[in-house]
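Number of protein chains: 2
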Amino acid sequence: MSNDIRSLIEDLAKKAKQASLELAGASTSDKNDALQAIARGLESNRKILLEENQKDIDAAEENGLSEAMVDRLRLTHERIDGMVQGLRQLISLPDPVGLVIEEKKRPNGLSIQKVRTPIGVIGIIYESRPNVTIDCAGLCLKSGNASILRGGKESLHSNRALASVIGQALADSPIPEDSVQLVPTIDREALNHLLTLDEYVHCIIPRGGEGLIRFVAENSRIPVIKHYKGVCNLFVDAEADLEIARQIAVSSKCGRPGVCNAIENLIVDEKIAPAFLPECAKELVEQDCELLVDEKAASLLGDFPTKPATDEHYDEEFLDLRLSIKIVASLDEAISFVNRFGSGHSESIITKNKKRAERFLREVDASSVYWNASTRFTDGFEFGLGAEIGISTDRLHARGPMGLEELCTYKYWVTGNGQWK
Amino acid sequence: MSNDIRSLIEDLAKKAKQASLELAGASTSDKNDALQAIARGLESNRKILLEENQKDIDAAEENGLSEAMVDRLRLTHERIDGMVQGLRQLISLPDPVGLVIEEKKRPNGLSIQKVRTPIGVIGIIYESRPNVTIDCAGLCLKSGNASILRGGKESLHSNRALASVIGQALADSPIPEDSVQLVPTIDREALNHLLTLDEYVHCIIPRGGEGLIRFVAENSRIPVIKHYKGVCNLFVDAEADLEIARQIAVSSKCGRPGVCNAIENLIVDEKIAPAFLPECAKELVEQDCELLVDEKAASLLGDFPTKPATDEHYDEEFLDLRLSIKIVASLDEAISFVNRFGSGHSESIITKNKKRAERFLREVDASSVYWNASTRFTDGFEFGLGAEIGISTDRLHARGPMGLEELCTYKYWVTGNGQWK
Numbered sequence: 000m001s002n003d004i005r006s007l008i009e010d011l012a013k014k015a016k017q018a019s020l021e022l023a024g025a026s027t028s029d030k031n032d033a034l035q036a037i038a039r040g041l042e043s044n045r046k047i048l049l050e051e052n053q054k055d056i057d058a059a060e061e062n063g064l065s066e067a068m069v070d071r072l073r074l075t076h077e078r079i080d081g082m083v084q085g086l087r088q089l090i091s092l093p094d095p096v097g098l099v100i101e102e103k104k105r106p107n108g109l110s111i112q113k114v115r116t117p118i119g120v121i122g123i124i125y126e127s128r129p130n131v132t133i134d135c136a137g138l139c140l141k142s143g144n145a146s147i148l149r150g151g152k153e154s155l156h157s158n159r160a161l162a163s164v165i166g167q168a169l170a171d172s173p174i175p176e177d178s179v180q181l182v183p184t185i186d187r188e189a190l191n192h193l194l195t196l197d198e199y200v201h202c203i204i205p206r207g208g209e210g211l212i213r214f215v216a217e218n219s220r221i222p223v224i225k226h227y228k229g230v231c232n233l234f235v236d237a238e239a240d241l242e243i244a245r246q247i248a249v250s251s252k253c254g255r256p257g258v259c260n261a262i263e264n265l266i267v268d269e270k271i272a273p274a275f276l277p278e279c280a281k282e283l284v285e286q287d288c289e290l291l292v293d294e295k296a297a298s299l300l301g302d303f304p305t306k307p308a309t310d311e312h313y314d315e316e317f318l319d320l321r322l323s324i325k326i327v328a329s330l331d332e333a334i335s336f337v338n339r340f341g342s343g344h345s346e347s348i349i350t351k352n353k354k355r356a357e358r359f360l361r362e363v364d365a366s367s368v369y370w371n372a373s374t375r376f377t378d379g380f381e382f383g384l385g386a387e388i389g390i391s392t393d394r395l396h397a398r399g400p401m402g403l404e405e406l407c408t409y410k411y412w413v414t415g416n417g418q419w420k
Numbered sequence: 000m001s002n003d004i005r006s007l008i009e010d011l012a013k014k015a016k017q018a019s020l021e022l023a024g025a026s027t028s029d030k031n032d033a034l035q036a037i038a039r040g041l042e043s044n045r046k047i048l049l050e051e052n053q054k055d056i057d058a059a060e061e062n063g064l065s066e067a068m069v070d071r072l073r074l075t076h077e078r079i080d081g082m083v084q085g086l087r088q089l090i091s092l093p094d095p096v097g098l099v100i101e102e103k104k105r106p107n108g109l110s111i112q113k114v115r116t117p118i119g120v121i122g123i124i125y126e127s128r129p130n131v132t133i134d135c136a137g138l139c140l141k142s143g144n145a146s147i148l149r150g151g152k153e154s155l156h157s158n159r160a161l162a163s164v165i166g167q168a169l170a171d172s173p174i175p176e177d178s179v180q181l182v183p184t185i186d187r188e189a190l191n192h193l194l195t196l197d198e199y200v201h202c203i204i205p206r207g208g209e210g211l212i213r214f215v216a217e218n219s220r221i222p223v224i225k226h227y228k229g230v231c232n233l234f235v236d237a238e239a240d241l242e243i244a245r246q247i248a249v250s251s252k253c254g255r256p257g258v259c260n261a262i263e264n265l266i267v268d269e270k271i272a273p274a275f276l277p278e279c280a281k282e283l284v285e286q287d288c289e290l291l292v293d294e295k296a297a298s299l300l301g302d303f304p305t306k307p308a309t310d311e312h313y314d315e316e317f318l319d320l321r322l323s324i325k326i327v328a329s330l331d332e333a334i335s336f337v338n339r340f341g342s343g344h345s346e347s348i349i350t351k352n353k354k355r356a357e358r359f360l361r362e363v364d365a366s367s368v369y370w371n372a373s374t375r376f377t378d379g380f381e382f383g384l385g386a387e388i389g390i391s392t393d394r395l396h397a398r399g400p401m402g403l404e405e406l407c408t409y410k411y412w413v414t415g416n417g418q419w420k
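Chains as they are written, first to last, in numbering that gives the first Met the number 0: chain A, 0 to 420; chain B, 0 to 420.
Each hint should be verified, as a subset may be incorrect.
Just so you know, same-sequence chains aren't split out, so a pair can sit in one copy or run between any two.
[As the list claims (entries may be wrong)] Pairs of lysine-lysine residues, derived as BS3-like cross-links and limited to a Cα-Cα distance of at most 25 Å, are as follows:
| id | residue 1 | residue 2 |
| --- | --- | --- |
| 1 | K103 | K351 |
| 2 | K113 | K103 |
| 3 | K16 | K295 |
| 4 | K351 | K270 |
| 5 | K353 | K103 |
| 6 | K420 | K306 |
Keep in mind the hints are simulated off the structure, nothing from the lab.
Working from the sequences, and respecting the hints, build out all of it.
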């Protein structure tokens, strides 16, 4: 690696650390003013944003990227409006910083307050969607964190233009200009070096496909908050309301199959499988869903086009209209199956039996466990967080949807009157 | 690395993961019974514990280990009593698992509960003190986590004997036997392999010197909670109560200089330095403390034996009777100094001025910030946590003293009545 790139990245990280110390003490109104200034900057720089984005689009088409990829890359007036709206919504959310989370008085008279504070410097590593630049910069800024943004190579022109809008807005605000910085190169070695700078950068959030996330997790010396994939399971218990089960099975697969909280595996108790499965399969097939089934399910679904399911299928995040089906003999078998194949994201049981529901909620090891509801609700907005920077399937720090509070840590304020032992 | 060691470690980690799923649902009374059984096992196996420990002591003396090292290694009846007492204290603490931390009802009728759960599998990497084996096994067990213990090579016989007591106690209890496992080899490659098994192990807590902690942090793919060192600062503001300042300066350095929450740097506002420093220095020197001072302090301390302080001194965790002294012109300079040289552990300001105190509390970037009290209070027991597995200077998950709650994560229980969109 060239020393130039090393020192460029180190300089950027040091500036972010310095900015984070000032930003941690910034007032809510200063932070909101900065968000407002960025929103206005986006509105008044539409022309240049669309022009710079067109360069990325042209390059993508020249390089033969898929239509879906090009679409993800594209900025439109509507999408710029969406970013502006996102920033204005952040302004309306309460400032998470400074809140006293816990407070106690010790027998020696010390008052101990646990106070919410920003984490410090957050690195966001993402792929081609340029809106991530604005969304993540806004979320980090509102939560008092300095951010270092490293987007994908396909959107470099767009990201530079967006970062320049942010930079201008911050330069005219009381918020330190280095509070948001874009890594100006897509050199892989620059990313590798950034991931070692744990002295200056306190948290890395990768957003994108499993490959990117694994790369970051395996190469980072800085703590990473991530989710690799969403293999979500729906279990239809022997005492399920079959109407509810069918509605949720079909909608949580076919409603939007490309998202991480859609289900991939449908698990059915053998006692209700004959009554439930054919009818449910009918609706799924009508919606063009392909069914991958175990032997027992195959024997119940003779009238339908099915394929045999393997363990690899049960382990796969399809992100498309395929659904694996598994028949089980008991709740125990269902829980074991979920804990074996689930990715720790979202799992649901449909049952009228409270005891069995509670066992599922307690024993299934995932960020979000549902009783008589769809896994599709795992989302920062649906959970009432007001915003979302991602969903964590990790266990440390944050689990499940992450909003502004999850971008914070805490410190202890201890007040005394001379206590020394 | 031999495949045997790899598969040994992998097998152990898989068993821990399996045990953790059962242990997560264990009742408080079953966990307490297991802790009680371990305590009784320690009491009834004193003879063999002391015999096995003697093998470690003999080897240590043969290898010429320092007296301090040998002392750390040594088990005595008193120290066994201490471990037993620690376990019985854990029994008396509330079970952190299962508590509903937050609860909300969404407009669509979904009830969302944030429920505290164990993290899963925790790896403890430590050095020679054998009591860590029992302390950490107990803390993990009470918080519903399976633990993998990897102690230092000097205490291998002692640790094996302690692990065997734990194993017998668990075998006779309803808690899965694999809930606590000792890595049976001190092969470095076994440790390296363990640190890659993020599929089975969810958190690593290293306990020991900075070298061990850095090694673990740099080689672990599993999230690590740690503190490298405690470089704690005490700032005596221009408006300090000089009596309080002197009492805290002397006691927080000389009370127990070898601990992480003792101070290493004394920062004094130049406006009160002439009135404060000579008198404070007198007491420090009387207690055999060596003073490393900047030029301004040197000119005030002409009557005392001092040495010049360098940046390396300000950055060093002495763990002995040396203290660096720095004179500053302002609160701003003090805060910058603390944020530059402090290790994010514990920092204190002595002042009668509330505004300045609050700026210090807010702007100093450390796990625990004090106003008119000694940094020596950063400790799980002093903070009322009832127990302590360590002190984190990290920002993610836990910061400051870590007790049973900090050994937990959470998950969301979402209850509906058929919601699907």
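Against which earlier hints does the structure fall short, listed by number upward? Failing hints, ascending: 3, 6.
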